[in-house]
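Following the hints, complete the assembly by docking chain B onto the known chain A.
2 protein chains.
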Amino acid sequence: MTDSVGIAEIRAAARRLEGAARVTPLLESDTLNVIAGRRVLVKAECLQRTGSFKFRGGWSALSALDPAARAKGVIAFSSGNHAQGVALAAKLHGAPAVIIMPSDAPQAKIAGARGYGAEIVLYDRRSEDRDALGATLAAERGLTPIKPFDEPMVIAGQGTCGLEIAAQTAAVGVAEADVVICCGGGGFTAGAALALEAAAPRLRVRPAEPAGFDDAARSLRSGRRERNDGVGSSICDAILTPQPGELTFPVMRRLCGPGLVVGDEEARCAMATAWKHLKIVAEPGGAVALASVLFRREEIEGDAVICTVSGGNVDPGVFAAALSDYGDAP
Amino acid sequence: MTDSVGIAEIRAAARRLEGAARVTPLLESDTLNVIAGRRVLVKAECLQRTGSFKFRGGWSALSALDPAARAKGVIAFSSGNHAQGVALAAKLHGAPAVIIMPSDAPQAKIAGARGYGAEIVLYDRRSEDRDALGATLAAERGLTPIKPFDEPMVIAGQGTCGLEIAAQTAAVGVAEADVVICCGGGGFTAGAALALEAAAPRLRVRPAEPAGFDDAARSLRSGRRERNDGVGSSICDAILTPQPGELTFPVMRRLCGPGLVVGDEEARCAMATAWKHLKIVAEPGGAVALASVLFRREEIEGDAVICTVSGGNVDPGVFAAALSDYGDAP
Chain A
29 MTDSVGIAEI RAAARRLEGA ARVTPLLESD TLNVIAGRRV LVKAECLQRT
79 GSFKFRGGWS ALSALDPAAR AKGVIAFSSG NHAQGVALAA KLHGAPAVII
129 MPSDAPQAKI AGARGYGAEI VLYDRRSEDR DALGATLAAE RGLTPIKPFD
179 EPMVIAGQGT CGLEIAAQTA AVGVAEADVV ICCGGGGFTA GAALALEAAA
229 PRLRVRPAEP AGFDDAARSL RSGRRERNDG VGSSICDAIL TPQPGELTFP
279 VMRRLCGPGL VVGDEEARCA MATAWKHLKI VAEPGGAVAL ASVLFRREEI
329 EGDAVICTVS GGNVDPGVFA AALSDYGDAP
Chain B
29 MTDSVGIAEI RAAARRLEGA ARVTPLLESD TLNVIAGRRV LVKAECLQRT
79 GSFKFRGGWS ALSALDPAAR AKGVIAFSSG NHAQGVALAA KLHGAPAVII
129 MPSDAPQAKI AGARGYGAEI VLYDRRSEDR DALGATLAAE RGLTPIKPFD
179 EPMVIAGQGT CGLEIAAQTA AVGVAEADVV ICCGGGGFTA GAALALEAAA
229 PRLRVRPAEP AGFDDAARSL RSGRRERNDG VGSSICDAIL TPQPGELTFP
279 VMRRLCGPGL VVGDEEARCA MATAWKHLKI VAEPGGAVAL ASVLFRREEI
329 EGDAVICTVS GGNVDPGVFA AALSDYGDAP
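In order, the protein sequences belong to chains A and B.
In this text, residue positions in the first sequence follow our numbering: the first is 29, and each later residue adds one.
In this text, residue positions in the second sequence follow our numbering: the first is 29, and each later residue adds one.
There could be a bad hint or two in this list.
Pairs count within a copy or across copies, as identical chains cannot be separated in the list.
As the list claims (entries may be wrong) - Listed next, the in silico SDA-like pairs over lysine to any residue satisfying Cα-Cα at most 20 angstroms (straight line): (1) K119 to N61; (2) K119 to A194; (3) K119 to V62; (4) K175 to R98.
Hints listed in this document are in silico derivations from the structure and should not be mistaken for laboratory results.
Excised from the complex, chain A in its bound form (with noise of 0.2 angstroms):
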């Protein structure tokens, strides 16, 4: 694999794409339009295979591996949605996968990965060192680490969402606008933004996260790489990283607009807008974007603005929970 990335990296990662991912459609709502006091492009990459955007990494990663490397084998960390994405890819590939997954993941995510064929090894946050845990597997069976952002051509697959946005919101007539992505390590960040920087320069792409864990938005504001405290909680697993990447965090304070946060009781009746205006399912994560659409209007400029909603591996209760709380909500 080749140590950077940019729009050539992302177009032949599109090209590898072609046929195995899903073009995900670009959602709009008439009453989400009023709710928003703007017009919302929502990028629903919950209808991507395995439930989300990181379907694109996992593919584009292994289809550029060396067939022999392949062959033995991919090792990935996850708490779930890159775990997915892996996982499907390296079976469509007939190539073993092992996942290292918190015990504590959402059970749908755990239960995703094991369908898709995937050895799963649990192990405990509090009490175990994950990295030595997956050195020792990898060195053993001679498994290639797949890394859920800072990885070149993970960051090129996620690109290839940012071609789409480019082309379908072309196609519906805006030109300039914000691009709002939620953001844990800044693969799908970065990766949108260079395909974007290429093939639409008026969109500009910015970083949504939850409260506690803004590192991206610190980040982006300080122009160094912040770490988060640690210390808090929140509901939105999926994106609940540290710091940036040290690859994806260049492109971003290159190319990103100031990063947007929001709590998470803001996330969970995103989650209840999406189910409602969209017909879409967001997980708490997938759902920072469209929160911070709803809820930090004023922070946002312009007519239109585009949204991912990122994912929707979510377990069934914490999604009823949303509803209940939020469903009666406009």
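Chain B only, in chain A's frame:
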């Protein structure tokens, strides 16, 4: 308006719908395919404007009206989805719309139709004569009635979904299969059947209905329009019609395969399945086709099946209860 409908009217409706209605995606889930024992392609009409396929028929009818008649306005009877489809289509045409709805229709549907700017007239299904009420209003104000299914321009509009199914199914390599359609009065079923007869003749439409309201299945067996006894009840509010339409049944009889019938609990389970594996919101009546695919597997032939999720307008409590009961099913 014309009294007959065929492929020419459907293609004309498709041209009128271009840029107004959405081309909804044909979804597929790797996990759902395993569960269902064959490839399942899901036409997600819940992602249509107003949350159901009914916007197609509403727009088709409004756009086909004589401008003078349109300026006076339209009137529709509906428990909900047709109401919203006609209401939004009228609003976008600048035409007044009066919608007569039963007072016990789902709140989400009443609020939706009102939100699109229609004048809502509620009536008591037990004590008031809906037809007399409508006739009086129509005469007083010169409104054109837009019937929910026995109306050529409405059937033509619903048929545009069949044209999309033909193209999207071919694009994923499926040429011969059953197409299971959630069926009330048969507008969607007949429209799709006419479209597929011309555009993909090896795709055969089959209606899906809830038990106790299986008039289409029984009519297809007997060869004449059978009525439901009207005694039972069902959670599938969108498709509880007394009998197939006068215009729709001859088309169904000529073109459709045997009907499929599922129970309410099977429909509720399918709602949870659509939520979990497809990440879309299905209302009870919009889930009967998927329920047929899941629970009437032996009545369907072939390696692949297409099914519609025809709408997603459901009250949050009904949805949360389905998740609570069936969210942990495979």
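Worksheet item: Are there hints from earlier that the structure breaks, and if so, what are their numbers?
Response: 2
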